Amino acid sequence: NAGVTQTPKFRILKIGQSMTLQCTQDMNHNYMYWYRQDPGMGLKLIYYSVGAGITDKGEVPNGYNVSRSTTEDFPLRLELAAPSQTSVYFCASSIIAGTAYEQYFGPGTRLTVT
Amino acid sequence: RKEVEQDPGPFNVPEGATVAFNCTYSNSASQSFFWYRQDCRKEPKLLMSVYSSGNEDGRFTAQLNRASQYISLLIRDSKLSDSATYLCVVNVGDDYKLSFGAGTTVTVRA
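These protein sequence lines map, in sequence, to chains L and H. Positions in the first sequence are counted from 1; adding 156 to them yields the working numbering. Positions in the second sequence are counted from 1; adding 423 to them yields the working numbering.
Just chain H, with the same shape it has in the complex (with noise of 0.2 Å):
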């Protein structure tokens, strides 16, 4: 089983809508959770952290559930700049080596 694991998409949506997507992680002792965003043929960068208690930044919106060991990233307002890869970013153990997934696709269309 792979240590995150995301639906790649395509997420396709207009300009102004709402979109959410989920990862998966698998070692329950994960402790640190982020997304990255990647655009096309361009360097990771943090899009933000996520917190135990959910956070906000802006228009997106990230959460945590531990129980069922998934993270979540909701979009609103969509902007035609938001079109990026999306990437699920833990932890894996003591040390500071980070997981990545492989990335949800987003397109927001005009």
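The following block holds chain L by itself, in its conformation from the complex (with noise of 0.2 Å):
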């Protein structure tokens, strides 16, 4: 049981290109996540889904694009990667259960854009 697995750990991009970081579960969790957090900065959403096929956009949406074909598989397009982009990205997972929905997170992807 791997838990949340992300991929790459570490990128560098050029202004402008394009890339897609991945994110899958063995958990067989509903919802799915993908967070940013900078430096000194709380987690911010990006992206979330509540099941396969179902995706909503978070607090940061733009510049970004999700898809949800499969309950484990959460991927995270960006595409004309700016700087403002440069961050660290945690995809995350979790399982309702009433009150209870801890998130399962990945060990993230340190992205930079230069």
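No wet-lab data here; the hints were simulated from the structure. If you're wondering where the values come from, they're calculated on a predicted model, not measured in any experiment. Glycine residues also receive a C-beta, built at the ideal position from the N, C-alpha and C atoms. Keep in mind that a hint or two might mislead.
Keeping only pairs whose Cα atoms sit at most 30 Å apart, straight-line, the calculated DSS-like set for lysine-lysine is [as the list claims (entries may be wrong)]: (1) H:Lys-465 / L:Lys-213; (2) H:Lys-468 / H:Lys-502; (3) H:Lys-520 / L:Lys-165; (4) L:Lys-170 / H:Lys-502; (5) L:Lys-200 / H:Lys-468; (6) L:Lys-200 / H:Lys-425; (7) L:Lys-165 / H:Lys-468.
Simulated coverage check for chain L against chain H, where a stretch passes if three residues somewhere in it have a Cβ under 8 Å from a Cβ of chain H [as the list claims (entries may be wrong)]: (8) 190 to 198; (9) 201 to 214; (10) 240 to 252; (11) 259 to 268.
Ranges between beta-carbon positions, derived for each pair [said to hold, decoys possible]: (12) H:Arg-464 / L:Asp-229: 22 to 30 Å; (13) L:Phe-166 / H:Leu-503: 22 to 30 Å; (14) L:Leu-236 / H:Ser-491: 39 to 47 Å.
Grab the two chains, each in its own frame, and use the hints to assemble them into the complex.
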């Protein structure tokens, strides 16, 4: 049971390039999330999904896209990378049971756009 | 106003000391509250949920004050391994999205 895995761990992009951050969970969780964390700031929600085929925007969706074709996978796509997207990206998943919804995080992807 | 605000610290305490800190939240409709721990350059992990009546988990005690809209975390008998950033986390509505504070950094020295 690997939990939530993310690839790559690190990436440097040039302005205008695109890339996909991969996220996979093997816990059969229905909810999945993408966050970004800038230095000294709280995690900001980019997109989330309540199940396969369903995605919704979070607080900071501009410049990103997601898809959820399976329960396990929730890739995040960056089109036309900009320096403002330099950040640490965390994927998380959770299973909802009443008010208990612990989110399990992947190890993160550190992205630099120059 | 930010949804969740925390004193960033750092709180620098000796081993064995007690340290406590609060966070405030802006949405009076929030129903669920958590403390997460984040080690340097690592992912956040759930430390404990916060219940209305307050709750303890070993050396950690969490309290909720709905009237003043704040939650607190107290760490007793601090260990070196308690050095981390503690994130205050609150749900933001009827769905299952969470709002994270920027964190309070605690450093326990020998």
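Evaluation of the provided hints:
1. H:Lys-465 / L:Lys-213: Status holds; Cα separation ~25 Å.
2. H:Lys-468 / H:Lys-502: Distance ~18 Å between Lys-468 (chain H) and Lys-502 (chain H) Cα, so the pair holds.
3. H:Lys-520 / L:Lys-165: Given pair Lys-520 (chain H), Lys-165 (chain L) holds - Cα atoms ~25 Å apart, limit 30 Å.
4. L:Lys-170 / H:Lys-502: violated, 43 Å
5. L:Lys-200 / H:Lys-468: holds, 16 Å
6. L:Lys-200 / H:Lys-425: holds, 12 Å
7. L:Lys-165 / H:Lys-468: Holds. Lys-165 (chain L) to Lys-468 (chain H) sits at ~18 Å (cutoff 30 Å).
8. 190 to 198: With 4 residues closer than 8 Å to chain H, the segment 190 to 198 of chain L meets the three-residue bar; holds.
9. 201 to 214: Result for this restraint: holds, n = 4.
10. 240 to 252: holds (count 3)
11. 259 to 268: holds (count 5)
12. H:Arg-464 / L:Asp-229: 22 to 30 Å: The hinted range 22 to 30 Å holds for Arg-464 (chain H) and Asp-229 (chain L), with Cβ atoms some 25 Å apart.
13. L:Phe-166 / H:Leu-503: 22 to 30 Å: holds, 28 Å
14. L:Leu-236 / H:Ser-491: 39 to 47 Å: holds, 45 Å
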